[in-house]
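**Student:** The chain contents come next:
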Amino acid sequence: MAFKQVTSPHAHSAQNTAKVMQLVLLATVPGLIALTWQFGWGSFINIALASVTAVSCEAAIMRMRGRSVSFYLRDYSAVVTAVLLGLALPPLAPWWIVVVGTVFSIVVAKQLYGGLGYNPFNPAMIGYVVLLISFPIQMTTWITPLALLPLGTVHPGLIESLQIVFSGYTPADGVTGATPLDTFKHSSGLLADQIYAREPLFNQAMLAGAGWEWVNLGFLLGGLILLSQRIFTWHGPVGMLAALTLMSLIFWDGGSSSSPGSPLMHLFSGATMMGAFFILTDPVSSAVSNRGRLVFGALIGVLVYVIRAWGNYPDAVAFAVLLANFAAPFIDNYTLPRTYGHVDRRRATEKEDQS
Amino acid sequence: MNRTWVTPGGVHPPENKHQSVTQQIGSLPIPDKLVIPLSQHIGAAAAACVEVGQHVLKGQLIAEAAGVVSIPMHAPTSGTISAIEHRPIAHASGMLAPCIEITSDGADSWIEHQGISDYEHTSPEKLLEIVANAGITGMGGAGFPSAVKLNPGRQRPIDTLIINATECEPYITADDSAIRERAGEIVDGIKILSAILGHPHNILIGIEDNKPEAIAALQPHVESTGISIVVFPTKYPSGGEKQLIYILTGKELPAGKLPADLGMVCINIGTTYAIKRAVIDGEPLISRVTTVTGEAVGTQRNYDVLIGTPVSHLLAHNQFDQERCSRVIMGGPMMGFSLPSAEVPVVKTTNCILAPSYAEIPEDEPAQPCIRCGMCAEACPVSLLPQQLFWYAQAQDHDRLEAHNLFDCIECGACSYVCPSNIPLVQYYRSAKGEIRQAHDEKIRSDHARERFEFHKARIEQAEQEKEAKRAARREAAQQAKSATATNGSSGGSSAADIIAAAQARAAAKQASPEDQRAKLERTIAATEQRLQLAEEKLAEAVASNSDKQSVFSAAVENTRQKLEQSKSKLAELAE
Amino acid sequence: MIELISQHPIFAALIAMVGLSILFGGLLGYAAEKFKVEGDPIVEQIDELLPQTQCGQCGFPGCRPYAQSIADGDAINKCPPGGQATINALANLLGVPAPELDQEHGQESEVKTVAYIREDECIGCTKCIQACPVDAILGAAKLMHTVIADECTGCDLCVEPCPVDCIDMLPVEETIADWKWSTPAKPGQMIATDRRGELGSNTVQEDAA
Numbered sequence: 003m004a005f006k007q008v009t010s011p012h013a014h015s016a017q018n019t020a021k022v023m024q025l026v027l028l029a030t031v032p033g034l035i036a037l038t039w040q041f042g043w044g045s046f047i048n049i050a051l052a053s054v055t056a057v058s059c060e061a062a063i064m065r066m067r068g069r070s071v072s073f074y075l076r077d078y079s080a081v082v083t084a085v086l087l088g089l090a091l092p093p094l095a096p097w098w099i100v101v102v103g104t105v106f107s108i109v110v111a112k113q114l115y116g117g118l119g120y121n122p123f124n125p126a127m128i129g130y131v132v133l134l135i136s137f138p139i140q141m142t143t144w145i146t147p148l149a150l151l152p153l154g155t156v157h158p159g160l161i162e163s164l165q166i167v168f169s170g171y172t173p174a175d176g177v178t179g180a181t182p183l184d185t186f187k188h189s190s191g192l193l194a195d196q197i198y199a200r201e202p203l204f205n206q207a208m209l210a211g212a213g214w215e216w217v218n219l220g221f222l223l224g225g226l227i228l229l230s231q232r233i234f235t236w237h238g239p240v241g242m243l244a245a246l247t248l249m250s251l252i253f254w255d256g257g258s259s260s261s262p263g264s265p266l267m268h269l270f271s272g273a274t275m276m277g278a279f280f281i282l283t284d285p286v287s288s289a290v291s292n293r294g295r296l297v298f299g300a301l302i303g304v305l306v307y308v309i310r311a312w313g314n315y316p317d318a319v320a321f322a323v324l325l326a327n328f329a330a331p332f333i334d335n336y337t338l339p340r341t342y343g344h345v346d347r348r349r350a351t352e353k354e355d356q357s
Numbered sequence: 003m004n005r006t007w008v009t010p011g012g013v014h015p016p017e018n019k020h021q022s023v024t025q026q027i028g029s030l031p032i033p034d035k036l037v038i039p040l041s042q043h044i045g046a047a048a049a050a051c052v053e054v055g056q057h058v059l060k061g062q063l064i065a066e067a068a069g070v071v072s073i074p075m076h077a078p079t080s081g082t083i084s085a086i087e088h089r090p091i092a093h094a095s096g097m098l099a100p101c102i103e104i105t106s107d108g109a110d111s112w113i114e115h116q117g118i119s120d121y122e123h124t125s126p127e128k129l130l131e132i133v134a135n136a137g138i139t140g141m142g143g144a145g146f147p148s149a150v151k152l153n154p155g156r157q158r159p160i161d162t163l164i165i166n167a168t169e170c171e172p173y174i175t176a177d178d179s180a181i182r183e184r185a186g187e188i189v190d191g192i193k194i195l196s197a198i199l200g201h202p203h204n205i206l207i208g209i210e211d212n213k214p215e216a217i218a219a220l221q222p223h224v225e226s227t228g229i230s231i232v233v234f235p236t237k238y239p240s241g242g243e244k245q246l247i248y249i250l251t252g253k254e255l256p257a258g259k260l261p262a263d264l265g266m267v268c269i270n271i272g273t274t275y276a277i278k279r280a281v282i283d284g285e286p287l288i289s290r291v292t293t294v295t296g297e298a299v300g301t302q303r304n305y306d307v308l309i310g311t312p313v314s315h316l317l318a319h320n321q322f323d324q325e326r327c328s329r330v331i332m333g334g335p336m337m338g339f340s341l342p343s344a345e346v347p348v349v350k351t352t353n354c355i356l357a358p359s360y361a362e363i364p365e366d367e368p369a370q371p372c373i374r375c376g377m378c379a380e381a382c383p384v385s386l387l388p389q390q391l392f393w394y395a396q397a398q399d400h401d402r403l404e405a406h407n408l409f410d411c412i413e414c415g416a417c418s419y420v421c422p423s424n425i426p427l428v429q430y431y432r433s434a435k436g437e438i439r440q441a442h443d444e445k446i447r448s449d450h451a452r453e454r455f456e457f458h459k460a461r462i463e464q465a466e467q468e469k470e471a472k473r474a475a476r477r478e479a480a481q482q483a484k485s486a487t488a489t490n491g492s493s494g495g496s497s498a499a500d501i502i503a504a505a506q507a508r509a510a511a512k513q514a515s516p517e518d519q520r521a522k523l524e525r526t527i528a529a530t531e532q533r534l535q536l537a538e539e540k541l542a543e544a545v546a547s548n549s550d551k552q553s554v555f556s557a558a559v560e561n562t563r564q565k566l567e568q569s570k571s572k573l574a575e576l577a578e
Numbered sequence: 053m054i055e056l057i058s059q060h061p062i063f064a065a066l067i068a069m070v071g072l073s074i075l076f077g078g079l080l081g082y083a084a085e086k087f088k089v090e091g092d093p094i095v096e097q098i099d100e101l102l103p104q105t106q107c108g109q110c111g112f113p114g115c116r117p118y119a120q121s122i123a124d125g126d127a128i129n130k131c132p133p134g135g136q137a138t139i140n141a142l143a144n145l146l147g148v149p150a151p152e153l154d155q156e157h158g159q160e161s162e163v164k165t166v167a168y169i170r171e172d173e174c175i176g177c178t179k180c181i182q183a184c185p186v187d188a189i190l191g192a193a194k195l196m197h198t199v200i201a202d203e204c205t206g207c208d209l210c211v212e213p214c215p216v217d218c219i220d221m222l223p224v225e226e227t228i229a230d231w232k233w234s235t236p237a238k239p240g241q242m243i244a245t246d247r248r249g250e251l252g253s254n255t256v257q258e259d260a261a
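Chains as they are written, first to last, in my numbering: chain A, 3 to 357; chain B, 3 to 578; chain C, 53 to 261.
Mixed in with the good hints there might be a few duds.
In silico DMTMM-like cross-links for lysine to aspartate or glutamate, where the CA-CA straight-line distance does not exceed 25 angstroms [claimed, not checked]:
{"#": "1", "chain 1": "C", "residue 1": "K164", "chain 2": "B", "residue 2": "D518"}
{"#": "2", "chain 1": "C", "residue 1": "K164", "chain 2": "B", "residue 2": "E456"}
{"#": "3", "chain 1": "B", "residue 1": "K435", "chain 2": "A", "residue 2": "D346"}
{"#": "4", "chain 1": "B", "residue 1": "K445", "chain 2": "C", "residue 2": "D154"}
Residues from chain C that face chain B, not an exhaustive set, calculated with beta carbons under 10 angstroms [said to hold, decoys possible]:
{"#": "5", "residue": "I67"}
{"#": "6", "residue": "T105"}
{"#": "7", "residue": "V186"}
{"#": "8", "residue": "K232"}
Everything labelled a hint here was simulated from the structure, so no lab data went into it. Every residue gets a Cβ at the ideal spot worked out from N, C-alpha and C, and that includes glycine.
The following block holds chain A by itself, in its conformation from the complex:
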């Protein structure tokens, strides 16, 4: 009798990459629901458009590289990138914005570096940053949240939204507006209390900014689901949120006219929660060890705050993540875990003395 020889371990857990990716997709649902509820069908269309583009790009590249198309599409990683980009883009952005961003994400940021697992930078954030720098007007035109719509107006319906996206006709003026971070940044000279009193974006909100707080809560919920499923560890998100809180506490200075905003506003505005749970947890481009991820997250938290408070852009998650991606190998070098039976941690380049 001859048998097949296979290396140990023979048993495998039921987890696989496709399931992990599917779970990540599922966890974006609360955030997507909040976005759609507060800002209309735009994000929904973004996601659909980005997914189709991403899958086509991935398939085309795989065919060009002579690899099995169906094998590589089965890992859902392209869809995850597309969905994250779609969620990050402003709702009702022109279709070509979504397509250009997705193509750049998949083709340049992911596949040109060797495909899944080899990209040094978060593909979705590369796509986002390229768009933000190239098309600042389209990228900063946000929809007015549901609560602040002028009386009698509503968000465009699905059909109308599609028309807006594909025909390039801009929605009525009342439908677009500034984001909370934007508003706060451009209200210099006013005390925080004054801004809060003046701007409906703030005075009609519970935590941070109308509409935005719901989106952030949605992503927080999704993130907690992933955390409970052990898709990632708590280190990255906690590092980022803690650093952001700490920074905004230090520089809050009681809401003076030069204050960059309260911790609550920074935590629940912009892309904070999405960044913390869906972007910086991308394992490929982050640091590898738990301690490393804590540092990596904290670095992003600090960078987000620095750029938000003193930079030119109102939000900064994409920039911060990309900068931290640069630093990831460096962080890895200094954050090796201590192995059983060894007294000290060591650096990744350091060999133990063979004594």
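Starting from the structure of chain A, add chains B and C where the hints point.
**Tutor:** Same frame as chain A, but now just chains B and C:
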């Protein structure tokens, strides 16, 4: 209640232990032929001390320990030695190794043997000798000779004896069922161990909480013996020596150290039973409890199996269905290795033969790219970064691998188990370890070669210098002689010309007579002709077989021919 | 003086610049001496990487002379026993691109070999002993010779001088003791199982590649 500590990482694979403990430990008919590998342990292979055709009795010594770290082998049943040759053995390489084959005579008659009941009053040295002579190795894992482990030397007093009853791998129940049925004998074995080690303070039996029956069976036997049973939560891999030491004592075994360095000895519970049999009953280690399990066998249970029983014999007596079987594994599903053939014999470390169906353990999925999700790092019981190790193993970056403590990897397989991309991580580590070891050996070899080459060069140079010195000395002597004659010349001695003439005359006298020279030349010619003939034959052969050495041979022929010509012409000269 | 400086800022700048350069020059000079890294001379490092077969296939009498020559700018691809691995290591050390092995000096062999003397044919001429660069052959004139297999580097320098051609280069057989696991196929690369029933033409390309 003893405190326990929690190791990092670990996984919880489905246990699948219940299937094989429904029946008691069974026994099988004696197989016709038993194959005993000479190397079933860590250390030097045993040396066969029987001859083919010799009749041996059950328990008779058939191979002697070769050196300190080695164990003897004994005949598992009575019969005739039918072969001593290379056979497939239980090794992942699937290579052959020297084995002794015994054809059973069916009588199963024991050699005369006698134990000692009064081990309390026997010296530890004597007890150790019995353990060593009984061929006992660790029966849980690697198979380290027990007598060596139990004799750490006087400078390291042992204060903790740890009995490993963890059996953390799924499917395996050999220890579990042995404890249930043989708790009394096992505790006797532990007491013997305690006597050998000079009665250490702490004697701890470490056992996972998924074996309540075994714990209950042990309980009455350990009362008022000073032995404590320490129960801890089930997690794979808790049964690794390093892990168990940490769980029970909270101490980490420093890298590169042995438990004895911490004053501990860790012994598998199956081994304690073998030690009891050896000391009290005088029986060498010739059988062990092995689990036969998996859906591809009809009955899943434990057997008391003779060492050397072919796996095919075990399978045949358990309604093995090869159609359903995805692979046959010796050991568990996490660390066991798949067998190349069923002719491989059961050895002293074989705790399980697992024949899973395709439903239980399917074919491996193709590996996907690593996404560095870090699940492996969460599962690693020694806090390595498996994903980084994998990266560097692929790049064959040996320095980085060592910096990331590759050699602390215990190959437990937890990382591969959780990997969502189905990457065979453990195999990468094993192959990387092999490569690093090989590179290391090669480095030693090449350093050695360099040393020898340099010595060789120095020796040649020295010889050269000595020659040169001699030459110089001779020249100087000649010079002195010359100047001496020059000064003496006036006083009427021989002139320089005379000296030369004298030297020529001496040389001529030294030269052999023409007859001698001719005879010598003729001899040379004859020899050269013979060599020429030989070379030509070789050339012809090479041409016939179209070998690539043709040119070499033809050059040799040419060379020899020239030498012949030279000698002939010299002869002709001489004749003139 | 002070006045001069304060009235002509150019002097102030000059003095500051000169002062700074002297200060930093001194500091750097001191640091260079103080924290000097005692490295192996480059020849030693190169010699470390060469396989030490001392076979002379590179055209030099031994590894060390070749190492010296590499340090003086010779090509790094002349060592067939070391093969591509050695070339890569050398390229890495010297910071140059790794060339292919120069076939002129021989081909990289797959298996390690050791010399073996067919002892009944040996005439005891000592020629091989003289040829052996690492003194791995034992014997005396008119007495049978034998190779110390553990010391043999497999350079085959002893084969040619043997007048009766009784030296063979035998491959070193792998034993269980030095067997090692092979590296698995790279993930993400095609394996037979993921080709099942899909993409006809691409499979062929993959096979050809």
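**Student:** Looking back at the numbered hints, which does the structure fail to meet, lowest number first?
**Tutor:** 1 and 5
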